[in-house]
Amino acid sequence: MTGQYMPGMLVLRNDGFKTSANPIVTLTGLGSLVMAPFGAQAFNVAAITAAICTGKDAHEDPSKRYIAGLVCGLLYVTVGIFGVTLASLFTVLPRTFVTTLAGLALLGAIEGSLANAMAEARTRETAVWLSTC
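Residue numbers (the numbering used here): 1020 to 1152.
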(Lines of atoms letter the chains of each structure in order from A and count residues from 1; the text may use other names and numbers.)
(Lines give C-alpha, C1' and ligand atoms only; values in the text may rest on other atoms or scores of the structure.)
Protein backbone atom coordinates (compact mmCIF):
# COMPACT_ATOMS: atom_id res chain seq x y z
CA MET A 1 0.00 0.00 0.00
CA THR A 2 2.20 2.77 -1.25
CA GLY A 3 0.68 6.07 -0.27
CA GLN A 4 -2.89 4.76 -0.39
CA TYR A 5 -4.96 3.56 2.54
CA MET A 6 -8.13 1.56 2.80
CA PRO A 7 -11.14 3.61 3.98
CA GLY A 8 -11.02 2.12 7.49
CA MET A 9 -7.39 3.19 7.89
CA LEU A 10 -8.28 6.72 6.80
CA VAL A 11 -10.98 6.83 9.46
CA LEU A 12 -8.50 5.63 12.10
CA ARG A 13 -6.00 8.29 11.10
CA ASN A 14 -8.70 10.97 11.05
CA ASP A 15 -9.67 10.01 14.61
CA GLY A 16 -6.08 10.50 15.75
CA PHE A 17 -4.84 6.90 15.81
CA LYS A 18 -1.32 6.55 14.44
CA THR A 19 -1.02 2.94 13.34
CA SER A 20 0.63 1.15 10.47
CA ALA A 21 -1.63 -0.52 7.93
CA ASN A 22 0.73 -3.50 7.54
CA PRO A 23 -0.23 -5.46 10.70
CA ILE A 24 -3.93 -4.81 10.11
CA VAL A 25 -3.80 -5.91 6.48
CA THR A 26 -1.75 -8.99 7.46
CA LEU A 27 -4.11 -10.00 10.26
CA THR A 28 -7.28 -9.50 8.24
CA GLY A 29 -5.74 -11.33 5.28
CA LEU A 30 -4.78 -14.32 7.43
CA GLY A 31 -8.20 -14.34 9.08
CA SER A 32 -9.87 -14.35 5.67
CA LEU A 33 -7.61 -17.17 4.50
CA VAL A 34 -8.37 -19.32 7.56
CA MET A 35 -12.14 -18.73 7.45
CA ALA A 36 -12.64 -18.95 3.65
CA PRO A 37 -13.09 -22.75 3.59
CA PHE A 38 -16.00 -22.33 6.02
CA GLY A 39 -17.84 -19.87 3.77
CA ALA A 40 -17.02 -16.78 5.83
CA GLN A 41 -16.95 -13.31 4.32
CA ALA A 42 -13.56 -11.69 3.97
CA PHE A 43 -12.34 -9.87 7.07
CA ASN A 44 -11.79 -6.17 6.57
CA VAL A 45 -11.51 -2.88 8.35
CA ALA A 46 -14.91 -1.43 7.54
CA ALA A 47 -14.97 2.35 7.38
CA ILE A 48 -18.44 2.65 8.91
CA THR A 49 -17.66 0.37 11.84
CA ALA A 50 -14.32 2.09 12.36
CA ALA A 51 -16.03 5.49 12.33
CA ILE A 52 -18.55 4.34 14.94
CA CYS A 53 -16.00 2.72 17.23
CA THR A 54 -13.10 5.17 17.00
CA GLY A 55 -14.83 8.55 17.03
CA LYS A 56 -15.48 10.86 19.96
CA ASP A 57 -19.04 9.50 20.19
CA ALA A 58 -17.63 6.15 21.36
CA HIS A 59 -15.68 7.79 24.22
CA GLU A 60 -13.97 11.12 24.82
CA ASP A 61 -10.79 9.33 25.91
CA PRO A 62 -9.19 7.65 22.85
CA SER A 63 -7.55 5.00 25.06
CA LYS A 64 -11.01 3.71 26.08
CA ARG A 65 -12.56 3.54 22.61
CA TYR A 66 -11.51 -0.09 22.22
CA ILE A 67 -14.55 -0.99 24.36
CA ALA A 68 -16.83 0.11 21.50
CA GLY A 69 -14.95 -2.22 19.16
CA LEU A 70 -15.34 -5.13 21.57
CA VAL A 71 -19.07 -4.48 21.97
CA CYS A 72 -19.47 -4.13 18.20
CA GLY A 73 -17.64 -7.42 17.65
CA LEU A 74 -19.79 -9.15 20.27
CA LEU A 75 -22.93 -7.86 18.59
CA TYR A 76 -21.69 -9.07 15.18
CA VAL A 77 -21.06 -12.55 16.60
CA THR A 78 -24.48 -12.58 18.28
CA VAL A 79 -26.25 -11.56 15.08
CA GLY A 80 -24.20 -14.17 13.21
CA ILE A 81 -25.26 -16.92 15.60
CA PHE A 82 -28.91 -15.88 15.74
CA GLY A 83 -29.16 -14.46 12.21
CA VAL A 84 -31.65 -17.05 10.98
CA THR A 85 -33.87 -16.45 14.00
CA LEU A 86 -33.68 -12.69 13.46
CA ALA A 87 -34.53 -13.06 9.77
CA SER A 88 -37.47 -15.31 10.68
CA LEU A 89 -38.72 -12.65 13.08
CA PHE A 90 -38.76 -10.07 10.30
CA THR A 91 -40.70 -12.42 8.02
CA VAL A 92 -43.40 -12.80 10.70
CA LEU A 93 -43.76 -9.06 11.33
CA PRO A 94 -46.10 -7.03 9.10
CA ARG A 95 -44.32 -5.67 6.02
CA THR A 96 -45.46 -2.12 6.83
CA PHE A 97 -43.86 -2.31 10.28
CA VAL A 98 -40.54 -3.54 8.88
CA THR A 99 -40.55 -0.82 6.20
CA THR A 100 -41.31 1.85 8.81
CA LEU A 101 -38.57 0.54 11.10
CA ALA A 102 -36.04 0.61 8.25
CA GLY A 103 -37.10 4.15 7.33
CA LEU A 104 -36.71 5.34 10.92
CA ALA A 105 -33.28 3.71 11.14
CA LEU A 106 -32.15 5.68 8.08
CA LEU A 107 -33.42 9.10 9.19
CA GLY A 108 -30.16 10.09 10.87
CA ALA A 109 -28.10 9.16 7.81
CA ILE A 110 -30.48 10.98 5.48
CA GLU A 111 -30.48 14.09 7.69
CA GLY A 112 -26.70 14.16 7.85
CA SER A 113 -26.33 13.63 4.12
CA LEU A 114 -28.82 16.36 3.26
CA ALA A 115 -27.20 18.79 5.70
CA ASN A 116 -23.77 18.17 4.14
CA ALA A 117 -25.12 18.35 0.59
CA MET A 118 -26.87 21.67 1.21
CA ALA A 119 -24.20 23.31 3.35
CA GLU A 120 -22.74 25.29 0.47
CA ALA A 121 -25.16 27.79 -1.08
CA ARG A 122 -23.51 27.49 -4.50
CA THR A 123 -24.46 23.82 -4.90
CA ARG A 124 -27.66 23.75 -2.81
CA GLU A 125 -30.11 23.80 -5.73
CA THR A 126 -28.41 20.86 -7.44
CA ALA A 127 -28.34 18.91 -4.17
CA VAL A 128 -32.07 19.43 -3.66
CA TRP A 129 -32.81 18.42 -7.24
CA LEU A 130 -30.67 15.27 -6.99
CA SER A 131 -32.23 14.27 -3.67
CA THR A 132 -35.66 14.13 -5.31
CA CYS A 133 -34.59 11.76 -8.09
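In short, the hints are calculated from the structure, not lab data.
Errors might be hidden in some of the hints.
[Claimed, not checked] Derived Cβ-Cβ restraints for the label pairs, each shown as a range:
#	residue 1	residue 2	range
1	Thr1145	Lys1083	39 to 45 Å
2	Gly1099	Trp1148	18 to 24 Å
3	Ala1106	Pro1056	23 to 29 Å
4	Met1137	Lys1083	32 to 38 Å
5	Leu1049	Leu1126	34 to 40 Å
Glycine included, each C-beta is placed from N, C-alpha and C at the ideal position.
Results for each hint:
Under the hint 39 to 45 Å, the C-beta atoms of threonine 1145 and lysine 1083, about 42 Å apart, fit the expected range. Distance hint for glycine 1099 and tryptophan 1148: a CB-CB separation of about 41 Å, inconsistent with the stated range 18 to 24 Å. For alanine 1106 and proline 1056, the hinted distance range of 23 to 29 Å is satisfied, since their beta carbons lie about 24 Å from each other. Separated by about 35 Å at the C-beta atoms, methionine 1137 and lysine 1083 satisfy the suggested range of 32 to 38 Å.
For leucine 1049 and leucine 1126, the Cβ-Cβ distance of about 39 Å falls inside the hinted range of 34 to 40 Å, so the restraint holds.
The structure does not agree with numbered hint 2 stated previously, though it agrees with all others.
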